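Peer 1: Residue numbers (the working numbering), protein chains in the order written: chain S, 1 to 283; chain W, 1 to 203.
These are computed hints drawn from the structure, not numbers from a lab.
What you are looking at is a predicted structure, and each value in this text was computed from that prediction instead of being measured.
Don't take every hint at face value.
Away from chain W, derived, C-beta distances all over 12 Å, residues of chain S [claimed, not checked]: (1) R19; (2) P85; (3) Q90; (4) I92; (5) L145; (6) V155; (7) T172; (8) L177; (9) Q188; (10) S195; (11) D237; (12) P261.
Partner residues aside, some chain W positions facing chain S, computed with beta carbon under 10 Å [as the list claims (entries may be wrong)]: (13) L11; (14) E17; (15) F37; (16) I50; (17) F192; (18) V198.
C-beta atoms are modelled at their ideal positions from N, C-alpha and C, and glycine is treated no differently.
Each chain, letter by letter, is given below.
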Amino acid sequence: MSFQVINGGIFTTVQDLGRYGYAHLGITSSGAMDEYAYKWALKLLGDKNTNALEILLGGLILKAQADTTIALTGADLNFQINAKPAKLWQSINIKKGDALSFGSQKSGMRAYLAVKGGFDTPYVKGSYATTIREGIGGQLKSGDLLAYKSVEKQVTRRAKQEYIPQYTDSLTLRLVLGYQDHYFSDTQKEQFFASEYTLTQDMSRMGYKLSGPAIEPKSAQLISEGIAFGAVQIPKDGQPIVLLKERQTIGGYPKIGSILPQDCFKLSQMPIGSTIKFEPYYV
Amino acid sequence: MQIKTASIDSLILYFKEEINEEVLEEVLSTYEALKKFPHIIDLTPSYSSILIHYDTHFYTHTSIQKSIESYLKTYKHNKVTKNTKTIEIPVDYSKGLDLQRVAEFHKLSIEEVIQLHSSTSYRVYAIGFMVGFAYLAKVQSAIATPRLDTPRAKVPKGSVAIADNQSAIYPSDSAGGWNILGFTEFDNFEEFEVGDIVRFIAL
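Based on the provided sequences and hints, a complete structural model is requested.
Peer 2: Here is the structure:
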């Protein structure tokens, strides 16, 4: 049994926690941009190690071909079942023929839709994560079928209110200094931590580019090296780029340090134009 | 060797900041040793560094530094080097779009460029940019040529190319500014590992 994709939406992919152990081959981890919301979607179904759809900004329409249980977490994208508003952050039993649709964005950027037992999609090198540029999986499009196993009605589980995040358009990201932090003078670092940056439209699963007061490393190039999740790269123009789940495995731009994963998850829910600040996080 | 923080759950080991075989060998033997170090999620070796992504269920930031330092110290005394594999790449140089440019740049004949490119034994210094894109060095200085001023929108998969003193084979179609010297049918890009020896065989 499957979900029939009526409309693939703006950018919808299958994700999980990512593909690890292959960075030495140049294979990126990929995986859910907001692991917090992703993990909750699975938890609400009592699942582990399955997968979910990462839905960027809505537009997606699915039709269920069999009864099952789903959970939707993350961004509020006007989720509806059979044209009636449906609840987020809880499990929902759905019936054969039900239409699941996503309208325009109300808050957050990415929603996670999990189905009991997971979607039956290709498992490549230990992961269901889609990485389009590596030819692993693709973007959902109309006519696709997303297979799942039909299940009996489940007991409804809800996330307590205190666990449901409020997505905002301003955030302070905690940064662990490291890598080439010595390429930046104390004055430059002070300026970096005191400044406000804006999220530009140059945002993708690879990374988010910010704009604001430029800071300049003492050298603009270095020998290419491994890039950690959340690394903040400062290229020649002095504008920081936060490198996220689909970053390249190596790169040669100076990095001042890396953002905590939890803050990267929050960042991935922020719209263009959001205000970002950085603060040092000492380990 | 120097250990530096990379993120909340990763460290980076830095070796001498140079691109040469001596440093590469040091990266390789340390990389081999670290493969046996427990609770590591990913290792990314490159020209003169190794990024270590570790499992925070098992280490704190300080404990991993200490464990790795002492582990590598013991390891140095009974160093095991990995057998490096050699990969031969058959190249059709008649399809080299930039052979003429490289030849003119160095005032050489096309035959000389082909001869210089295919008579060198290269090492894989890093893998990245895309899956299976192996950075090979060193291209003989007699043919080392800067990137094109305007990158091509599409470099076809299998293109054998050089940029300065590095060579590479495009594992899939991609934009790129390297000088294309030839073309190969080779299609096993996931075989490449840092340290491998690569030879180009002119068809």
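Peer 1: Taking the hints in turn, state whether each one holds.
Peer 2: Quick rundown of the hints versus the structure:
1. Distance check on R19 of chain S: its Cβ comes as close as 10 Å (rounded) to a Cβ of chain W, failing to clear the 12 Å threshold; non-interface status is violated.
2. P85 of chain S, annotated as away from the interface, keeps every beta carbon of chain W farther than 12 Å; the closest lies near 38 Å.
3. For Q90 of chain S, the condition that its CB be more than 12 Å from all CB atoms of chain W holds, with the nearest at approximately 29 Å.
4. Every C-beta of chain W lies more than 12 Å from that of I92 of chain S, the closest at about 33 Å, which supports listing it as non-interface.
5. No Cβ of chain W approaches the Cβ of L145 of chain S within 12 Å, the least distance being about 27 Å, so the stated non-interface status holds.
6. Once the 12 Å rule is applied to beta carbons, V155 of chain S is consistent with being away from chain W; the minimum gap is 30 Å.
7. For T172 of chain S, the non-interface assignment is confirmed: its Cβ lies about 16 Å from the closest Cβ of chain W, beyond the 12 Å cut-off.
8. A beta-carbon of chain W comes within 12 Å of the beta-carbon of L177 of chain S; the shortest separation is about 7 Å.
9. Distance check for Q188 of chain S against chain W: the nearest CB is about 18 Å away, which clears 12 Å, and the non-interface claim stands.
10. Look at S195 of chain S: its CB is around 21 Å from the nearest CB on chain W, clear of 12 Å, so calling it non-interface holds up.
11. With a cut of 12 Å on Cβ distances, D237 of chain S stays outside the contact zone with chain W, its closest approach being about 19 Å.
12. Its closest Cβ contact with chain W, about 7 Å, brings P261 of chain S to no more than 12 Å, contrary to its assignment away from the interface.
13. Contact between L11 of chain W and chain S, as hinted, is supported at the beta carbon level, the nearest pair being about 9 Å apart and thus within 10 Å.
14. For E17 of chain W, the interface hint holds, the least distance from its beta-carbon to any beta-carbon of chain S being 6 Å, beneath 10 Å.
15. Hint status for F37 of chain W: violated, given a least beta-carbon distance of 14 Å to chain S, over 10 Å.
16. Hint status for I50 of chain W relative to chain S: holds, with the closest Cβ pair at about 7 Å, below 10 Å.
17. A hinted interface residue such as F192 of chain W counts as satisfied when its beta carbon comes closer than 10 Å to some beta carbon of chain S; here the least separation is about 8 Å, so the hint holds.
18. Because the beta carbon of V198 of chain W sits about 15 Å from the nearest beta carbon in chain S, more than 10 Å, this interface hint is broken.
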